[in-house]
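Undergrad: Protein chains in written order, with my numbering: chain A, 89 to 363; chain B, 50 to 395; chain C, 28 to 334.
It is possible that part of the hints are untrue.
Label pairs and their calculated CB-CB ranges [claimed, not checked]:
| no. | chain 1 | residue 1 | chain 2 | residue 2 | range |
| --- | --- | --- | --- | --- | --- |
| 1 | C | 66 | B | 288 | 51 to 57 Å |
| 2 | B | 208 | A | 106 | 27 to 33 Å |
| 3 | C | 199 | A | 340 | 38 to 44 Å |
| 4 | A | 262 | C | 229 | 40 to 46 Å |
| 5 | B | 392 | A | 343 | 25 to 31 Å |
| 6 | A | 217 | B | 151 | 44 to 50 Å |
| 7 | B | 121 | C | 319 | 32 to 38 Å |
| 8 | A | 253 | C | 319 | 27 to 33 Å |
| 9 | C | 229 | A | 354 | 28 to 34 Å |
FYI, nobody ran anything at the bench for these hints, they're computed from the structure. All C-beta atoms in this analysis are idealised placements derived from N, C-alpha and C, irrespective of residue type, glycine included.
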Amino acid sequence: MTKKYTGGKIFAALTYVFLYAPIIVLIVFSFNATKSRTIWSGFTLDWYRELFHDSLIMSSLQTTLLVSVIASLIAAVIGTFAAIGFYNMKKNWRSPLLLVNNIPVVNADIITGVSLSLLFVSAGALMGFQLGFGTLLIAHISFDIPYVILSVMPKLYQLDRNLFEAAQDLGCTWFQTVYKVIIPEIMPGIINGLLIAFTMSVDDFVISYFTAGSSVQTLSMTIYAMTRRRISPKINAISTLLFAVVLILLVIVNVREARQHKAEIKKEKMLKGTN
Amino acid sequence: MKKTFSVVICAVMLICLFSGCGGSKTTNGVVNVYNWGEYIDTDLITQFENETGIKVNYKTYESNEQMYSVLKQGGVSYDVIIPSDYMISRLIDEDMLEPLNFDNIPNYSLIDDSLKSMAYDPDNTYSVPYMWGTIGIIYDPTVVGEVDSWSALFDEKNEGNILMFDNSRDAMAIALKYLGYSMNSTDETELNEAYELLKQQKPILQGYVMDQIFDKLESGEAAIGPYYAGDYLTMHAENPNLKFCIPKEGSNVFVDAMCVLKNAENKDNAEAFINFMSGTEQSMANSEYIGYTSPNKEVEDLIDIDDFTRSVMYPDDATLAKCESYINLPQETLDYYDEMWVKLKS
Amino acid sequence: MSKNKLFSGTVGAVGGFFDRFRRQSFAYPYVLWMALFVVIPIILIGVYAFTSAQGTFTLENFSGMTDYAPVFGRSLWLAFLATVICILIGYPVALAISRADSKTQRILLMLIMLPMWINFLLRTYAWMSLLENTGLINRLLASIGVFDLINSLHAGDAGYSPITHFQLINTNGAVILGMVYNYLPFMILPIESVIVKIDPFVIEAAQDLGANSGTVFRKVILPLSLSGVISGITMVFVPAVSTFVISKLLSNGTVMLLGDLIEMQFSGAAYNPHLGSAISLIMMVIVVICMSVMSKFGEGEEQAVVM
Chain A
89 MTKKYTGGKI FAALTYVFLY APIIVLIVFS FNATKSRTIW SGFTLDWYRE
139 LFHDSLIMSS LQTTLLVSVI ASLIAAVIGT FAAIGFYNMK KNWRSPLLLV
189 NNIPVVNADI ITGVSLSLLF VSAGALMGFQ LGFGTLLIAH ISFDIPYVIL
239 SVMPKLYQLD RNLFEAAQDL GCTWFQTVYK VIIPEIMPGI INGLLIAFTM
289 SVDDFVISYF TAGSSVQTLS MTIYAMTRRR ISPKINAIST LLFAVVLILL
339 VIVNVREARQ HKAEIKKEKM LKGTN
Chain B
50 MKKTFSVVIC AVMLICLFSG CGGSKTTNGV VNVYNWGEYI DTDLITQFEN
100 ETGIKVNYKT YESNEQMYSV LKQGGVSYDV IIPSDYMISR LIDEDMLEPL
150 NFDNIPNYSL IDDSLKSMAY DPDNTYSVPY MWGTIGIIYD PTVVGEVDSW
200 SALFDEKNEG NILMFDNSRD AMAIALKYLG YSMNSTDETE LNEAYELLKQ
250 QKPILQGYVM DQIFDKLESG EAAIGPYYAG DYLTMHAENP NLKFCIPKEG
300 SNVFVDAMCV LKNAENKDNA EAFINFMSGT EQSMANSEYI GYTSPNKEVE
350 DLIDIDDFTR SVMYPDDATL AKCESYINLP QETLDYYDEM WVKLKS
Chain C
28 MSKNKLFSGT VGAVGGFFDR FRRQSFAYPY VLWMALFVVI PIILIGVYAF
78 TSAQGTFTLE NFSGMTDYAP VFGRSLWLAF LATVICILIG YPVALAISRA
128 DSKTQRILLM LIMLPMWINF LLRTYAWMSL LENTGLINRL LASIGVFDLI
178 NSLHAGDAGY SPITHFQLIN TNGAVILGMV YNYLPFMILP IESVIVKIDP
228 FVIEAAQDLG ANSGTVFRKV ILPLSLSGVI SGITMVFVPA VSTFVISKLL
278 SNGTVMLLGD LIEMQFSGAA YNPHLGSAIS LIMMVIVVIC MSVMSKFGEG
328 EEQAVVM
């Protein structure tokens, strides 16, 4: 193709500007000397200082990280085993179960949140517990697992059907087959699912809003409460920090992938060379 | 990929531990407080925690109705709540409050007598007043001119600059008062008229807000809106152009009081909190910070404010005579309010 | 010899059966979990929708539904517009990215994903600073004299009052903008991942057969990328129809969507979980209908998630 596609490129560039302009504005005004979000009056780091002294924001950050890490890990375990189980089922069992599995993914999250809160409140009234970290965790696990399953299933389908039998013929117990043969093969799918689940948990607002109750707050809930009151550039400061962290992480991941890719190409070249 | 992942996990774990080290010196348990937004001097919370060793979990709500929804939904465990007068009588009727043990609240004696034995809690069993104040119109005269009547909120020439209360009782009260009716009316014709008026107002509004009004009036994003006297003082400090008026048709005077929820887990800690906030020094500091009027009888003389602030914080008798208090409405009317509010916003 | 084979065959079959059962049983804990935390909550919504506050079976929650028809209509219409705009913007961008070399592609994709990782509340909040009457866009326009120009053009009109800003926030447009901004990456990524997988030989073959680039696009690329567009639609439409944060932040309660309506019934200003459940039920039905129409055309959201 020798065409330049300049029209498309310009359009794409404009779209990128559209995507990043508000974020840049947020970041710039997080350093603003006054509370104004639109008039620049000077540089200061005060808002960041206030941010770190705000115990509510710090504790909601801790809650978010804790819930997301624990929920995604548990979801990865349950989800992987469930995927293996589904893989071995007959089609007429598997299809309806996969359909139910997809419900949290397809359903609007306000409905998931509201339905879970109805469940927890009714059960809580009967059994004497309240909304709190436990219910929050259960809710997060519930919407994380489908993402893990959706990541692992394709990897399972790529496996050789006879891997189970082959391993057992070679003397593995059923236990060993799963842990030493199957799981390492599907590990990329599991990791992928884990990361997606973690992202969905960290970013979630609506489901947490309905299931966290009075004693815990996630970061999104705290930010929402802040937007309902006097707006402080502390919100801008949080955005900048989040942006910086995510940017660094993505850069690291991509640099490593690029390096790996280069190493693989080198390896191939070497092998071709010797052949 | 795996290595990156483990690095990330380690980093995340470290952050968890680090933020956990924020330093919570709780030795005497916790107290869960549910209050209006922008309604406390946060230094007082820290002071309370340091003096008593009780950790305060502080959450906020936007309106009495929202607080009621959250409590009714269940599954939550708040100890101290700070609703308004009419909501307190509703909660008492629905048996949702715990009688207070006033032996734990000696500072109750400092409360002004005019605020005791009020209609919403006639036997003084369930509540201790927190703050009181009035509702009025806050406006920027350079944009909307001088205002002395609720009509300014319904005037088309102020289109796009008008903010309105985002809760059913305050919004209806304004409409009812403007039409010349009582804000506690249960008459269906009067209520329907008020609803129609609000419907007509909707297209010229900038929005329905509660605490978001602070930024909007301070920055000049909007020019007129009804809100509470104390918050006017806060906004005035940022934008001296703003003026406050209690309209000639009359307005609302309210009392917010601290209550303990039935089956609260930390009743003693809750009463300790209530006692702390009622102390003269604390109530005065709180009043100075949020601008509302303290119910403590010693504060009026001790508080160090200028005449302008005093005129808003302690309105004269003539102004107060124009103001009506809310009473709790019968369930039928309440259902109508809910239905009407949802329809209005739709 | 044959007896041995038969024996080991049977043992193998029986063992295989138990094996299969054991492998299947991996899924049983999750099946239980799903029953408890996915199926029962939805049944509860149904139960609440059909009961009244006193606990009796009733249809009255649904009878008043026509009052909320404007909210339903508005939500569906705004979500539809937002989805269409996402396609119109997202498709060309996905096409442009797919044409870049693989190193640039990776960077470009990363730049698309980066905003997705920032909390969507913050992304929506960012637009407030831009769209407000005293926000950056209006200030910018004022400083380059746009309003002065407009005012001078209309100076002679009767009853004309000079404007100082464009009304950007608190409009349907602001809400659509918020939706597009938040969900655009969810449209770009699936489309791009599908276009990239189109076999370049197919395109070459089409060109060899005499098609110009316009025809190649219309008859080859577009049909083959349709499943990506479908995935994108499913990932944009449902959140757009059910959001309440975007309308709360960008319209200050003047534009009420389904999400706002439901939220009001559960923890907002008008507590009525039965009405809220009824509305949720109807929303679920609408979503199911839309999704099943979509799934006839494509592979659904699974494709999008796996990418």
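Undergrad: Run every hint past the structure and note whether it holds.
TA: Okay, the hints, checked on the actual structure:
1. The hinted window of 51 to 57 Å between residue 66(C) and residue 288(B) holds, with their beta carbons roughly 54 Å apart.
2. Between residue 208(B) and residue 106(A) the CB atoms are about 30 Å apart, so this pair conforms to the stated range of 27 to 33 Å.
3. For the hinted restraint 38 to 44 Å between residue 199(C) and residue 340(A), the CB-CB distance of approximately 41 Å keeps it satisfied.
4. The hint said 40 to 46 Å for the Cβ distance between residue 262(A) and residue 229(C), and at roughly 45 Å that hint holds.
5. Against the hinted window of 25 to 31 Å, the Cβ-Cβ separation of residue 392(B) and residue 343(A) comes to about 56 Å, which falls outside the hint.
6. Distance hint check for residue 217(A) and residue 151(B): the Cβ-Cβ separation is about 32 Å, which falls outside the suggested range of 44 to 50 Å.
7. A C-beta distance of roughly 36 Å is found between residue 121(B) and residue 319(C), which places it inside the suggested range of 32 to 38 Å.
8. About 38 Å separates the C-beta atoms of residue 253(A) and residue 319(C), a value inconsistent with the hinted range of 27 to 33 Å.
9. Separation of residue 229(C) from residue 354(A) is about 31 Å and conforms to the stated range, judged on CB atoms against 28 to 34 Å.
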